[in-house]
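J.: Spelled out, the chains give:
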Amino acid sequence: MCMSLDERKSNKIKKKRNRFIFRTVILAVMLVAIIYALVSNMDKDNTIYRVGDQAPDFQLEQINHNNEIETIRLSDYEGKGVMLNFWGTWCPPCEAEMPYMQELYPKYKEKGIEIIAVDLNDTRLNVKQFIDKYELTFPVPFDNKGVVSDLYKIGPMPTTYFISPDGEIVEKVEGGLTLEKLEGYFQEILPE
Amino acid sequence: MKNIKCDCGHVNPEGTVLCESCGKPIEGNQHIDGNDNKRLLNMRYDGTARRSQTYNKSIVDKIWSFFSSVKVGVWLIVIALVASAVGTIFPQEQYIPIDAVSRDPAVYYQDAYGILGQIYYQLGFHNLFSSWWFLILIALIGVSLVICSLDRFVPLYKALKKQKPQRHHSFLSRQRLFSETEEVTEEEKQKVINSLKAQRYKINEENGHVLAEKGRFSRWGPYVNHIGLIIILLAALLRSTPLFYTNEYLWVREGEQKVIPGTKSEYFIENKGFILDLYDENDDRFKAALEKQGTMVPSNFQTNAIVYKQSEDVVTGAEAQLEKVTEDEIRMNHPLEFEGYKIYQSGYQLNEVNQMTFTIQEIENEDGEPLAEFTIDVTDPKAEYELDNGFKVEINEFFPDFYLDSTGPKTETQFPRNPTFIFKLYPPNSDESETSFVGDVISAAEALGINTEAVELNPMGEVLGQFATNLDATGENEYKISIQDMDFHRVSGLSIRKDHSLPFFGVGALIFMIGVVQGMYWQHRRVWIRPTEKGLMLAAHTNKNWFGIKKEIENSIENTNIKMVDDQQELDE
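The listed protein sequences correspond, in order, to chains A and B. Numbering of the first sequence is given in the working numbering, commencing with residue 21 and proceeding in unit increments. Numbering of the second sequence is given in the working numbering, commencing with residue 34 and proceeding in unit increments.
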């Protein structure tokens, strides 16, 4: 207790500053932890790719006999707008939207939009008959191991991603599409 | 800020209620602990300055002092409790029953619970426990826990470290246990000290002033406990990241190879075979119970599985070399483990059809030898089959999971649970085809009274084929296609889990428990002796178990002239 007054004063100031730093650091650390918790909670299913994300690449066998491509790789379509549709022959709303897709396909293919309709968990026979029934010409990749549906975490079908020419997911639609809606989304992913 | 110098010469931080050194109540600060008009001193935190109650200058200090308040902490906990309780009034979103009119929460709550349900939904209680505001509430409790603990632990630790044996007489006289004896000999005093020592008190003597203390570490119990709680909160934080926790479900057929969900297409699993063992109905031990149950009861179901890893880094979906990682039997309580993942046997589905064998016969001659036979792999049927004797069969339509509604034949799912075919049969040297509709074995089996969800149909394939639907739409067919045999397989339901956060929960819970034990089973007891002219003052304090400390004091003053301490709190009443 034999400090001089000056010494005591400077000691006090030092203490005060240390306390301020200590409290600021602790509060900052806790704030970061809270923000992290909130973000990771909202992102809980963060393997789901959402609007704004880059669409993850994949490669699958193509089984539409009306289309000459043998293997589809998503990244090959950079520079084009891509409608990435997940469907099955047994799913009524998928069946309902297919004719619209086919109707728009030739016109928009010229404008630089590709339709890729990934079939999930079907038999090749049913896919073939379905394609014949609706005279589909766009590529139909076949995901019989569930690899791409796990990658995109597909829940209800149909699910459709609209991907911009630079590979960004612009829209994700769960459920069937009407002709008007489909055309509207196509406008959003038209290449310049 | 200004420090307060006590009469004893010790300089206390501002906000101190009782001098850290001698315990003398500091004038002007008695309101802080509510000592003003009381006879006894409030000994919470030993009257130290909880700093946050004093400095309030910068925004950081203001936030800090807000969270430092125990009152705030208690309110946060109360709010969280009430909210949690409200969250259990109606089911949470993920527990909306599967057979509900609509599983869309916007529809379900109003539909099932009326206006209250609507309010419940709109206030977000349907998704309470992962809603942002509930998480923030829990996080604020965590913050309050950290700051409250720091703000009390540090000054308390310092004060207990700095405490001197010599205490102000008003400190002693205002303790709950206190007595003053006019005349005491040095011998008697020594006797008390020795007796306290024998009762494992630590004695600290200075100029005739004595402090006997034991169990100080029990005071740290709550703080240790809080560290445990904070670790548990952090573990919950980690668990919300896929790096530490994933939970997925997968259906895989016998013989099928599928990607393991949640592994970023790195791992694949192959179902080598599914085993279902049943309790024997003829065994006397189980007979009565099984009859009561009325259905078969599995004694074991297991999947023999192989896990593969993709050996090269290729784009998802591309063919890659698979390396076998492990092979195991997955059973109840025996998960398959590989590289941090655990695969549990969670369910199964019987009676998916694998293969169907058909025969062709003349309708005129139904009992004769079949003219041709063909087998269809139902999981991958071909468009047409060229047969012996010049027959050709085309599959016109295939319904893997057949049902009939007003618009005609349909398939309910993509799974071959009730495969049904419309065939076009071309007899030898003919361009004209006959149409046959064959299948719907499940309806046939159910018509026979078989519960197809519980009973294995595989041994009955041949028999069931005879009961299958077989339609001749035109009534002009010359040939009949009938089911000769069926081969069923089973689908295994597996859940895939990865949880690296459990050890953190374990450590947190252990530390929590240590803190509880530390604070509960030990007590911090202190006895002060202050000499007066001829006699002495005796005072004591404990944080709990006053009976125990009285007992010890009684023991130590035995055979002396020293007066037993009075319980001044009791006197008050």
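I should point out that these hints are in silico values taken from the structure, not numbers from a laboratory. Being a predicted model, the structure only gives us computed values, none of them experimental. It is possible that some hints are incorrect.
Within a straight-line C-alpha distance of at most 25 Å, the following computed DSS-like cross-link-like pairs (lysine-lysine) qualify [unchecked claim]:
| hint | chain 1 | residue 1 | chain 2 | residue 2 |
| --- | --- | --- | --- | --- |
| 1 | A | 34 | B | 38 |
| 2 | B | 342 | B | 357 |
| 3 | B | 222 | B | 235 |
| 4 | B | 457 | A | 153 |
| 5 | B | 531 | B | 513 |
| 6 | B | 195 | A | 29 |
| 7 | A | 29 | B | 457 |
| 8 | B | 443 | A | 153 |
| 9 | B | 291 | B | 305 |
| 10 | B | 457 | A | 148 |
| 11 | B | 195 | B | 38 |
| 12 | B | 95 | A | 29 |
| 13 | B | 90 | A | 35 |
| 14 | B | 531 | A | 165 |
| 15 | B | 38 | B | 230 |
| 16 | B | 191 | A | 32 |
Chain A is faced by these chain B residues, among others (derived, beta-carbon under 8 Å) [stated by the list, open to error]:
| hint | residue |
| --- | --- |
| 17 | 65 |
| 18 | 67 |
| 19 | 96 |
| 20 | 176 |
| 21 | 178 |
| 22 | 292 |
| 23 | 354 |
| 24 | 420 |
| 25 | 424 |
| 26 | 428 |
| 27 | 430 |
| 28 | 441 |
| 29 | 442 |
| 30 | 446 |
For each residue, glycine too, the CB sits at the ideal point set by N, CA and C.
J.: Checked against the structure, which of the hints given earlier come out wrong?
T.: Numbers 5, 7, 15, 17, 18, 21, 23, 24, 25, 28, 29 - these are the hints that the structure violates, sorted from lowest upward.
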